[in-house]
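Here's the letter readout for the chains.
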Amino acid sequence: MVDLKIDLNGLELKNPVMTASGTFGYGEEFMDFFDISRLGGVMVKGTTLEHREGNAYPRMAETPQGMLNAVGLQNKGVHYFAEHIYPRIKDYGTHMFVNVSGSKIEDYIKTAEVVNDLEHIPGIELNISCPNVKEGGMAFGTSCPSAVAVVEAVRKVYKKHLMVKLSPNVTNIAEIGAAVEGAGADSISLINTLLGMAIDAKTRKPILSTITGGLSGPAVKPIALRMVWQVAQAVKVPIVGMGGIMNTTDAIEFMLAGASAIQVGTANFIDPCVTDKIVVGLEQYCQENGFSKVSDLIGAMEV
Amino acid sequence: MVDLKIDLNGLELKNPVMTASGTFGYGEEFMDFFDISRLGGVMVKGTTLEHREGNAYPRMAETPQGMLNAVGLQNKGVHYFAEHIYPRIKDYGTHMFVNVSGSKIEDYIKTAEVVNDLEHIPGIELNISCPNVKEGGMAFGTSCPSAVAVVEAVRKVYKKHLMVKLSPNVTNIAEIGAAVEGAGADSISLINTLLGMAIDAKTRKPILSTITGGLSGPAVKPIALRMVWQVAQAVKVPIVGMGGIMNTTDAIEFMLAGASAIQVGTANFIDPCVTDKIVVGLEQYCQENGFSKVSDLIGAMEV
Amino acid sequence: MKKYIDDFKVIKNERLNYEYVILTLQHPGQMPEMMPGQFVEVRVDNGPNTFLRRPISIHDVDMEANTMKLLVQEIGDGTRLMGQLKEGDNCNLVYPLGNSFSLPEKKRVLLVGGGCGIAPLLYMGRHLVANGIEPQFLLGARTQEGLIAMDAFSELGQLYTTTEDGSHGTKGFVIHHPVMRTQSPEIDQIYTCGPEAMMKVVAKYAKNHGIKCEVSLENHMACGFGACLCCVADTLDGHKCTCTDGPVFDSTYLKW
Amino acid sequence: MKKYIDDFKVIKNERLNYEYVILTLQHPGQMPEMMPGQFVEVRVDNGPNTFLRRPISIHDVDMEANTMKLLVQEIGDGTRLMGQLKEGDNCNLVYPLGNSFSLPEKKRVLLVGGGCGIAPLLYMGRHLVANGIEPQFLLGARTQEGLIAMDAFSELGQLYTTTEDGSHGTKGFVIHHPVMRTQSPEIDQIYTCGPEAMMKVVAKYAKNHGIKCEVSLENHMACGFGACLCCVADTLDGHKCTCTDGPVFDSTYLKW
Ligand SMILES: Cc1cc2nc3c(=O)[nH]c(=O)nc-3n(C[C@H](O)[C@H](O)[C@H](O)COP(=O)(O)OP(=O)(O)OC[C@H]3O[C@@H](n4cnc5c(N)ncnc54)[C@H](O)[C@@H]3O)c2cc1C
Ligand SMILES: Cc1cc2nc3c(=O)[nH]c(=O)nc-3n(C[C@H](O)[C@H](O)[C@H](O)COP(=O)(O)OP(=O)(O)OC[C@H]3O[C@@H](n4cnc5c(N)ncnc54)[C@H](O)[C@@H]3O)c2cc1C
Ligand SMILES: Cc1cc2nc3c(=O)[nH]c(=O)nc-3n(C[C@H](O)[C@H](O)[C@H](O)COP(=O)(O)O)c2cc1C
Ligand SMILES: Cc1cc2nc3c(=O)[nH]c(=O)nc-3n(C[C@H](O)[C@H](O)[C@H](O)COP(=O)(O)O)c2cc1C
Ligand code: FES
Ligand code: FES
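Residue numbers (my numbering), protein chains in the order written: chain L, 1 to 303; chain E, 1 to 303; chain F, 1 to 256; chain P, 1 to 256.
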């Protein structure tokens, strides 16, 4: 009887649980495990204008309660996506969002234009925060002017829900949140990965081919929660929180800090059914704690 | 037979292993456990001009492979330190450094002046990165001009080794490292804690009295390593690396990334003898890997 | 008192009920002296979600057998992992930590406990007996289920109980027990440990009756031995560390 | 093939030597079919230093007993914790993952393994036998100690060994074994799994002799089922996931 629906600035999610880009493929890898139409939304992998091979192997290092990745936006490009993947995934019964990445503003615009024409894609997540590519990526997300420039440019061509994903590798994330809101974002998601590094003391070499990579998983949760809370106080648009969510309790914490919805990333690798369990868990929590709507949790932390 | 000595820009450490400020008291708490004169150095707690009561309880939250603290520089002030604590600790047989904190440049200067007169204190660590105080603290460490201002001011009055401790809560730490080097730092230590937050989903309240606190422990190690590596490439002065060091292997990783010495913080709480073990472990590693001097490890990562 | 760090051997894990166990730990050699009210910091191995040590009171000590007992209430990951320790497992302790209960000036004392807060009271009871003082215990719980280790206490002195549902002893909270009314004129000192709400009520009662009262706090700790300053209590002299200046405080010294 | 996530029961932990164990895991119900070359992702519980699952090859399968075997080499925290699993423990698996070895077109095959890379070759050997093909195994190790599970292999076919120190079989690396010279004209297909250096030499040898060669890679993985793109191998078609397009690749398809 709990109402799990979330209003994401006009876009309705059946519940607040989404998957994070780059950690859920196109959803297909998870279909053996559970019915993905039960999710509030799926964020497909980082999609760029052109085909990208990504970075060289090794791309992964395990860290204390976390992992570093340096995938580097491997994907076949947005045209391939529109032609070959979109037809397959459009009827999955949940919102399939596209995570749009690029190295130049021009690329972001063109990619967004292509996705804009895909009827069943309700929105994009503008990734201005990828730490794993040489040009662009995170650079856009680490200063207000560049963040505003790319968001404004995409806003002009993209007519549906425009979510903007922030980088945590900044001094003042609230400022950048406010700037992208001003530039036309419909919602703000955070956090992308924190720039980190791992060294093998035996070989005395970096573990990743790219030396540095993006840190995700429970290790970053305290930072992510803090940033969600800071941004929630600085903007009016809804926030989609993520960073280290492993279970229902974590998801609730993000909502209490101010997130309207949450994304689960790394946890999918360890328990491919985790998102389904969180949907169930949120309903239970609301029931047990007398919340008739899950949306009552948003920003409900008592300071 | 391994030479463990480190030249910290003219100041000799008997080995690279130091303790981190705020995690080792004045060393006395650890004397039952091991002979602290075996350490390369001890960084005493954050010392301010005036007596400070610190923040209200609760000040601590456990997080995945880490902890948040919000102690807020509780200490009796530098005059009390000089009068009552210094005489006790000055002959501990290792370098006793003082971590100097403040809310105003004026305070930093006055505190440094007092410490400058303490013959057996070989250096200070200028804490421009404490996230747990309302005024000053981290604010100084998150922009180049303010970091430069405080370092230059203290440099004028402080004649011995001036270590400057950087905040990780910034967009570009290399830039700030270079700036404080230019302002006269003899060495640079990093990282202080990352600003984080914890919420109790049961009570729907923040766990810390201050809502946010500083994250330390293994969770932050990948970020700390990356920052040490970035700063090492941007400056010529020696670097003292820290953030999540729990054992010898971690210490080696920091040295390979470019640190001349390391500090151990949170790990002291779990194994009060950990620093002693790292001293032994470093010697062993050098022996087993054919390094006659531990200083050969500094920046020895092969890219 | 000198602090140690040692691997103890678990020689017994006695399960009292679904949430309480008593661990008996044996020192590898000659166990140093420990005082009632002191605690140990247990390293929790194999816990992906436990990073710091866990503070646990010394429940009982047997200097001849070189053993100590810990009474553990399983409330989270760390205590649950302790509850799963098996005979023969290692258990690494930093100990003994904190100050201790003082001996009373006169002979009539009451020890008031609730929940896992009864843990230090047993060892204190034994200490009192050894010093010629007859302890009286007043232990409270929600239900009969929560009243544990009764036998050990009643061996040492008179035992009174309360339960919120009346399933054992007097119905209500410890403060409602007749001993509080009838005996108060004769009580010289109260020792209390348990939920903060309970201790506050007891402390207030003691103050009103001019009875000296020592409370044992269970503030959250990162280190347990004075290195982190995380565990502070608000006292008349400002912030004091629960782990070194406490865990036992005179209740009137606390800003409650 | 449909993937599952299930709690298996450890019914046996057989220690082969100081660094190898064979775990026998039982499915709670009817175990689904699995192919040789496929692997499982083991959730490592109780590991403060292990966050991700660990990929382990399917060493053997018994469809009637609903059991599978894993051969685990203890090289780090995760595999060491697996080595400590006891009868009755749960072991959560995501399985079966990856592609599998192909059946050869002709009948003469050689399976070349080293280290824990011998793991998938046993099940493949069984599969070959079931398909009327007589496998020959060539297993290499540094010393005799590293040659394990020999009996199981020799039950299925001819077994050759090499050790670097000559303590068992031919002295040297697998590539130096006479079978490589004498039999190469007759070998139609090689299957190899083990250290990358070994596989590369074997693959080169196969190429030079015009023999089809399948290699099984052990790239580091975060998910094991195609979701993260961390495990890529460099192939003629660019980056391919070792966990879904592999772990078995035709050696000529790899950019080695
Ligand atoms: C001086 C002292 C003596 C204690 N004696 C006993 C005893 O004899 N028996 C017993 O069962 N318990 C005792 N406690 C409480 C015990 O330390 C906590 O129950 C335990 O730390 C909870 O850990 P957890 O992982 O099970 O729970 P979690 O809730 O998962 O713990 C999360 C974090 O909060 C801290 N924490 C949670 N609850 C408490 C608490 N009540 N007190 C202090 N820290 C807490 C933990 O140490 C940990 O850092 C004592 C506490 C103190 C300070
Ligand atoms: C498809 C596949 C099949 C495998 N089959 C077996 C098998 O049957 N028996 C067996 O003993 N081992 C096998 N391995 C190797 C096994 O996965 C690693 O030894 C194990 O992950 C190491 O984990 P650790 O915690 O013990 O070591 P650590 O060094 O602590 O691991 C640190 C990280 O590196 C990864 N890692 C380290 N070494 C390897 C490696 N060689 N391969 C892949 N990842 C690694 C771990 O997964 C972990 O993320 C296989 C690997 C793959 C990819
Ligand atoms: C393997 C991997 C690949 C990722 N790829 C992308 C990506 O393509 N685009 C993006 O915006 N974020 C990407 N991310 C970041 C996640 O979407 C998410 O922001 C981050 O992992 C934090 O959430 P988590 O801790 O739940 O994983 C990736 C993360 C991982 C671990
Ligand atoms: C309880 C606590 C108190 C601290 N107090 C100080 C302080 O007074 N001054 C300071 O510069 N850093 C302080 N720090 C930061 C540490 O010195 C260190 O920079 C940080 O904890 C990272 O190292 P670690 O992960 O090894 O703990 C404190 C950290 C902790 C956990
Ligand atoms: S717990 Fe660290 S000072 Fe008390
Ligand atoms: S391991 Fe994740 S895609 Fe292969």
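Calculated from the structure, these hints are not laboratory results. Virtual Cβ for every residue (Gly too), placed ideally from N, Cα, C. Certain hints may be false.
Here's a subset of chain E near chain F, in silico, CB distances under 8 Å, partners left out [what the hints assert, rightly or not]:
id : residue
1  : Y57
2  : V71
3  : Y80
4  : D276
5  : G299
6  : A300
Not close to chain E: a few residues of chain L, all C-beta gaps over 12 Å, as computed [claimed, not checked]:
id : residue
7  : L11
8  : F33
9  : E53
10 : H84
11 : Y92
12 : G93
13 : K104
14 : K110
15 : N116
16 : D117
17 : E119
18 : H120
19 : D200
20 : E253
21 : E283
Hints, verified against the model:
1. At a threshold of 8 Å, the smallest CB-CB gap from Y57 of chain E to chain F is about 5 Å, leaving the interface hint in force.
2. The beta carbon of V71 of chain E is positioned within 8 Å of a beta carbon in chain F (closest approach about 5 Å), and the interface hint is therefore held.
3. Interface restraint check: Y80 of chain E against chain F, minimum CB-CB distance 13 Å, threshold 8 Å, status violated.
4. With 8 Å as the threshold, the beta carbon of D276 of chain E stays out of range of chain F, its nearest partner Cβ sitting at about 11 Å, so the hint is violated.
5. For G299 of chain E, the suggested interface contact is broken, since its CB lies about 30 Å from the closest CB of chain F, more than 8 Å.
6. For A300 of chain E, the shortest C-beta to C-beta distance to chain F is roughly 30 Å, which exceeds 8 Å, and the interface hint is violated.
7. With a least CB separation of 26 Å from chain E, L11 of chain L remains clear of the 12 Å interface cut-off, as annotated.
8. At roughly 24 Å from the closest C-beta of chain E, the C-beta of F33 of chain L stays outside 12 Å, upholding its exclusion from the interface.
9. Every beta carbon of chain E lies more than 12 Å from that of E53 of chain L, the smallest distance being close to 21 Å; the non-interface claim holds.
10. Non-interface call for H84 of chain L relative to chain E: holds, since the shortest CB-CB distance, roughly 36 Å, exceeds 12 Å.
11. The Cβ of Y92 of chain L sits about 30 Å from the closest Cβ of chain E, beyond the 12 Å cut-off, so the non-interface label holds.
12. Distance to chain E confirms G93 of chain L as a non-interface residue, since its nearest Cβ pair spans about 29 Å, more than 12 Å.
13. No beta-carbon of chain E comes within 12 Å of the beta-carbon of K104 of chain L; the shortest separation is about 21 Å.
14. In this structure K110 of chain L is separated from chain E by more than 12 Å, as the shortest Cβ-Cβ distance comes to about 28 Å.
15. Even its closest Cβ contact with chain E, about 31 Å, leaves N116 of chain L beyond 12 Å, as expected for a residue assigned away from the interface.
16. Against chain E, the non-interface label of D117 of chain L holds: every CB pair exceeds 12 Å, the least being about 35 Å.
17. Against chain E, the non-interface label of E119 of chain L holds: every CB pair exceeds 12 Å, the least being about 39 Å.
18. At roughly 35 Å from the closest C-beta of chain E, the C-beta of H120 of chain L stays outside 12 Å, upholding its exclusion from the interface.
19. Listed as outside the interface, D200 of chain L is inconsistent with that label: its C-beta sits roughly 8 Å from the nearest C-beta of chain E, within the 12 Å cut-off.
20. At roughly 4 Å from the closest C-beta of chain E, the C-beta of E253 of chain L falls inside 12 Å, breaking its exclusion from the interface.
21. Non-interface call for E283 of chain L relative to chain E: holds, since the shortest CB-CB distance, roughly 15 Å, exceeds 12 Å.
Going down the numbered hints, you'll see the structure goes against 3, 4, 5, 6, 19, 20, while the others check out.
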